[in-house]
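2 protein chains.
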Amino acid sequence: MPGPTSYFDYADLDKLPADRAQLVQRRRRAMGAAYRLFYADPVEFVRGRGTRLFDDQGTEYLDAYNNVPTTGHADPRIIAAISDQAGRLNTHTRYLAEATVRYSEDLLATFPDGLDNVMYSCTGSEANDLALRIAKSTTGGEGVIVTAEAYHGITTETGAISPSLGGPESLPPWVRTVPAPDSYRGTTDFADGVSAALASFHEQGIKPAALIFDTIFASDGVQTPDPTVLGAAVDAVRSAGGLLIADEVQAGFGRLGTGMWGFSALGLVPEMVTIGKPMGSGQPIAAVVSRHELIDRFGADVRYFSTFAANSVSIAAAQATLDALAEDDLVTKAKSTGDYLRAGLDRLAERHPQIGDVRGNGLFVGIDLVSDRAARTPAADYAFAIVNAMRERRVLTAAVGAGRNVLKIRPPMPFDESDADEFLAALDSSLNDTPLEH
Amino acid sequence: MPGPTSYFDYADLDKLPADRAQLVQRRRRAMGAAYRLFYADPVEFVRGRGTRLFDDQGTEYLDAYNNVPTTGHADPRIIAAISDQAGRLNTHTRYLAEATVRYSEDLLATFPDGLDNVMYSCTGSEANDLALRIAKSTTGGEGVIVTAEAYHGITTETGAISPSLGGPESLPPWVRTVPAPDSYRGTTDFADGVSAALASFHEQGIKPAALIFDTIFASDGVQTPDPTVLGAAVDAVRSAGGLLIADEVQAGFGRLGTGMWGFSALGLVPEMVTIGKPMGSGQPIAAVVSRHELIDRFGADVRYFSTFAANSVSIAAAQATLDALAEDDLVTKAKSTGDYLRAGLDRLAERHPQIGDVRGNGLFVGIDLVSDRAARTPAADYAFAIVNAMRERRVLTAAVGAGRNVLKIRPPMPFDESDADEFLAALDSSLNDTPLEH
Chain W
17 MPGPTSYFDY ADLDKLPADR AQLVQRRRRA MGAAYRLFYA DPVEFVRGRG TRLFDDQGTE
77 YLDAYNNVPT TGHADPRIIA AISDQAGRLN THTRYLAEAT VRYSEDLLAT FPDGLDNVMY
137 SCTGSEANDL ALRIAKSTTG GEGVIVTAEA YHGITTETGA ISPSLGGPES LPPWVRTVPA
197 PDSYRGTTDF ADGVSAALAS FHEQGIKPAA LIFDTIFASD GVQTPDPTVL GAAVDAVRSA
257 GGLLIADEVQ AGFGRLGTGM WGFSALGLVP EMVTIGKPMG SGQPIAAVVS RHELIDRFGA
317 DVRYFSTFAA NSVSIAAAQA TLDALAEDDL VTKAKSTGDY LRAGLDRLAE RHPQIGDVRG
377 NGLFVGIDLV SDRAARTPAA DYAFAIVNAM RERRVLTAAV GAGRNVLKIR PPMPFDESDA
437 DEFLAALDSS LNDTPLEH
Chain C
17 MPGPTSYFDY ADLDKLPADR AQLVQRRRRA MGAAYRLFYA DPVEFVRGRG TRLFDDQGTE
77 YLDAYNNVPT TGHADPRIIA AISDQAGRLN THTRYLAEAT VRYSEDLLAT FPDGLDNVMY
137 SCTGSEANDL ALRIAKSTTG GEGVIVTAEA YHGITTETGA ISPSLGGPES LPPWVRTVPA
197 PDSYRGTTDF ADGVSAALAS FHEQGIKPAA LIFDTIFASD GVQTPDPTVL GAAVDAVRSA
257 GGLLIADEVQ AGFGRLGTGM WGFSALGLVP EMVTIGKPMG SGQPIAAVVS RHELIDRFGA
317 DVRYFSTFAA NSVSIAAAQA TLDALAEDDL VTKAKSTGDY LRAGLDRLAE RHPQIGDVRG
377 NGLFVGIDLV SDRAARTPAA DYAFAIVNAM RERRVLTAAV GAGRNVLKIR PPMPFDESDA
437 DEFLAALDSS LNDTPLEH
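Protein chains in written order, with the numbering used here: chain W, 17 to 454; chain C, 17 to 454.
If you're looking for bench data, these hints aren't it; they were derived computationally from the structure.
Pairs involving identical chains hold if they fit within one copy or between any two copies, as the list cannot separate such chains.
Result set (SDA-like, lysine to any residue): computed pairs, CA atoms no more than 25 Å apart in a straight line:
| id | residue 1 | residue 2 |
| --- | --- | --- |
| 1 | Lys223 | Ser186 |
| 2 | Lys31 | Arg110 |
| 3 | Lys31 | Glu408 |
| 4 | Lys351 | Asp432 |
| 5 | Lys223 | Gly157 |
Isolated chain W (complex conformation) (with noise of 0.2 Å):
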């Protein structure tokens, strides 16, 4: 990956103090070179609750960043319902499971009429790999468009639409990348850069697939479009035979609060939604829902299965999490508290240069730090030196898009006021703290 990161280098290692560093060293021995860490001092975490997590010498700190444990880190609705499901069965998709339908029944009953259909994996890059494999069977195509910074997975095909992992000269022949949708930067219409992608697919004899975006653009920097920016570009993408698939891998299950998917805002309804992360708290679950039609066709010709996949517990812990969500009323809340905090940043701005931009809806917040305002200038290491500093004021955050220079705010859902005031004094003290020129 190019440009400064918020990982740890190895060559540091000596700055760390001796117990860590032999971990560190351990950890690399065993487990290679391609793992990363987080921050210049990495940490090591023992325990969480709620929007806290505590390291190996009781430390507490604010988690501004891990969406994963969606309704709080060890929420006893969650234990309960892993443990007690663990206890009597833990099986597979071959036998039938009235849990697996019924949790089927009430995660469908999320979405719009027509997103009728679910298929269930463990990772959000299998749920984008089995997207990709209806979406070229069922259209006879094979072209796909991402956004120039996109992230969709691991597996070698969803690695293949990641331009954010190896850079544009990674991509294989049958992808195409167009600027995202940028409120702050952007001199690019998305649906220009979607008709020239079309243009090129027809040029060269590739018939399209499938048009796929993170609904929150979060590896673009977080962009939150006009619902009438998409609009178009979807239309041609479906007028050239291709399909419309939304990633809702970060910013699902209600964390924008804007309902519980990221299109609804975006005013599109998409033939295929993978959804993964927050999904069941922890436990590896996601899934691809999609239209009934498209999977007749698909599983007539392919049976599916993954023995993980759907798992008795994994269900128990995705049921859990539907639940512990309605309950807790964490949609609504996320609106709520998301604006609040937004609002503070605005606030911090007035005061900071350094912040250039600030987006996001709900519980999903970029920062965009700048050199020069004026400019727009991305400050990217500068924003290591944040990620770092916020660390060391015991918040956690992490920093994305193009320039690496946007801070990514993507708390779990019980972060409130008083957490997003903790979170605003961190960020005030570390921009304070940490000059420009650093």
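Assemble chain C onto chain W, guided by the hints.
Showing chain C alone in chain W's frame:
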């Protein structure tokens, strides 16, 4: 998939009891046409313990099929490990975790010197997908050689090397199939087949990346070739620049009774080993074990992260599984019980000409059913009938192999001699009561 299978046929919906038919219909409506159900009369399990499963009526079944509940269904040690860890913290590998490093070290200690690096995924599919990525990236090749009935996963990439899913015509140009070693019907030498595949790659300018096979050749009908059969093939692949990947997703973790890993009994040390299914006793965890020098090269260019892979709860389950395997001495027991079971099957074969061959190692057994013993004709429809007859006798099995005529016996590892006796009695009765002209 061609030919008869052990799956429920939706055309038979009206043969089911009303409440089961209704659940099957709800399932089909929500989860669609690509999912299959085992058995002509699908079964709903609600509880498990040891080698036993109990259906919604409280009826007890002997599980001779599921290897995922490694140390038995609902092992209290695994439940405690999962519950305890979920109650404290469930997080990912971008933070330090002593438990993850310790498990990695314990796991690697079960491998020969040189296989000293582990990278985690959630499923065997993802592990094989990653192994291919590493093989292609580090060799610069793309050609992959698999066995004729191979199954390596459901991602786009691993589906592409799985002829058992869609037949040879479904394979991309960079895949070659070779007949698996076959001690019963085999006519070709494995090394000759691999040489022909390499020659074909050479002719077409395709550089080889890997030879990959399941070390028990499960989907090829369960094979236990002599070490001498494979060595020459592997040497040829290495001479051509390719790597050997041992797929231990089914065979691994001691089930074969010949040590922890199937490749040892084949006299091989692969460059990469993929592991999964029994690894976390149902918790979705899998891995690629490989040589450090490969990962040093791969990791220099590629960063690797999977949100759910090796999360805290999955690692706790994997550690408890590894510890329980040792505590109960299950690898030794797999050998003795497997020998006992195969001796019993050989005795059954004296009275039942439908049993053409009995193969396997430890608790991975193939029973090759034939309609004509002299001609060794695969009895596919018949195997389907026997699988259902065994289900009626409350014993769980399935059928595999090119002719779908090989019963696959792969039980939880506490499966003991009394379980074996029960299995043998049910099979004796099923064969007695099921005429070949079924």
